[in-house]
Amino acid sequence: MLQNLRTLLSTLLFVYFLGLGAQHLEAEEIFQQGEHCLAYKTEETILLFVDSDVVGKTCEISARLESEGENTRYVVSFPIRSLDSGVDMRDEDVIEILSVESHPIIRFVSDFVTGEQVVEALIQGTTTLSGVLEVGGKPYKVLFPLKLSEHSGVWLVTGKLVTSFSEFGLELPAVLGGVVADTRDYLELLVHLRLDRVHGLAEFQAESMSQ
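Residue numbers for the sequence shown follow this note's numbering, so the first one is 1 and each next one is one higher.
There could be a bad hint or two in this list.
[Said to hold, decoys possible] Straight-line Cα separation of at most 20 Å, PhoX-like style, residue types lysine-lysine; simulated pairs:
(1) 160 <-> 141
(2) 160 <-> 41
(3) 147 <-> 41
(4) 160 <-> 147
[Said to hold, decoys possible] Cβ-Cβ distance ranges computed for the label pairs, FRET-style:
(5) 52 <-> 155: 28 to 36 Å
(6) 29 <-> 169: 16 to 24 Å
(7) 202 <-> 88: 35 to 43 Å
(8) 102 <-> 123: 40 to 48 Å
Hint data in this document are derived by calculation from the structure and do not stem from the laboratory. Quick reminder that beta carbons are idealized off the backbone N, C-alpha and C, glycines included.
Generate coordinates for the entire structure from the input sequences, incorporating the hints supplied.
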């Protein structure tokens with residue numbers, strides 16, 4: 001019996017570290033230049049003494065612009081099951097923590113911003129965007145620091161919000177209940193979005209120019 005447990009644990013550790021090796025490669029370069037993606041990053045301790053970064057990423061993004069007069073807001077969402085950290089056990093734990101069966105989507109709805117604020121952000125190259133992040137069916141006010149830059153004719157919005165799992169009322173993800181890996185209460189929400197993939201933006205720009 002003891003030998004079987006040792007064999008099982010050794011196998012699980014081998015699979016886990018295979019995934020961890022791929023994870024390190026991904027963490028060094030989370031986003032490629034032309035990607036339209038979101039990610040989270042956290043820190044974990046492996047076998048009580050090895051510190052490591054964890055990155056979960058999705059490119060299954062829905063982003064759209066909504067207008068109200070001359071003001072606009074931005075709605076970004078993604079299916080929780082699309083998050084990929086490179087380790088299936090961890091992803092399954094994240095799915096359970098986020099109550100995916102009853103709330104399969106994470107969504108951010110920004111506050112409305114004026115045309116002047118948008119122009120200023122494009123000129124300055126930086127801005128902060130406030131709004132509500134819906135996690136597990138509950139709304140949380142957040143403030144995203146963002147950078148705007150143009151690359152090969154495409155405008156990119158990038159940013160990082162430093163927060164924690166407890167800020168969103170979430171349990172800490174763990175691999176095998178923390179025996180293999182234990183996550184710290186630290187969370188980065190990472191943004192890498194292309195404005196040309198925001199639905200409704202081109203139409204709004206065309207309408208604004210025609211007025």
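Checked hints:
1. 160 <-> 141: Given pair residue 160, residue 141 holds - Cα atoms ~15 Å apart, limit 20 Å.
2. 160 <-> 41: Holds, at roughly 10 Å.
3. 147 <-> 41: 18 Å, holds
4. 160 <-> 147: 9 Å, holds
5. 52 <-> 155: 28 to 36 Å: Taking Cβ atoms as reference, residue 52 and residue 155 lie about 34 Å apart, which means the hint holds.
6. 29 <-> 169: 16 to 24 Å: Given range 16 to 24 Å: violated, Cβ gap about 32 Å.
7. 202 <-> 88: 35 to 43 Å: Since the Cβ atoms of residue 202 and residue 88 sit about 38 Å apart, the hinted range of 35 to 43 Å holds.
8. 102 <-> 123: 40 to 48 Å: 43 Å, holds
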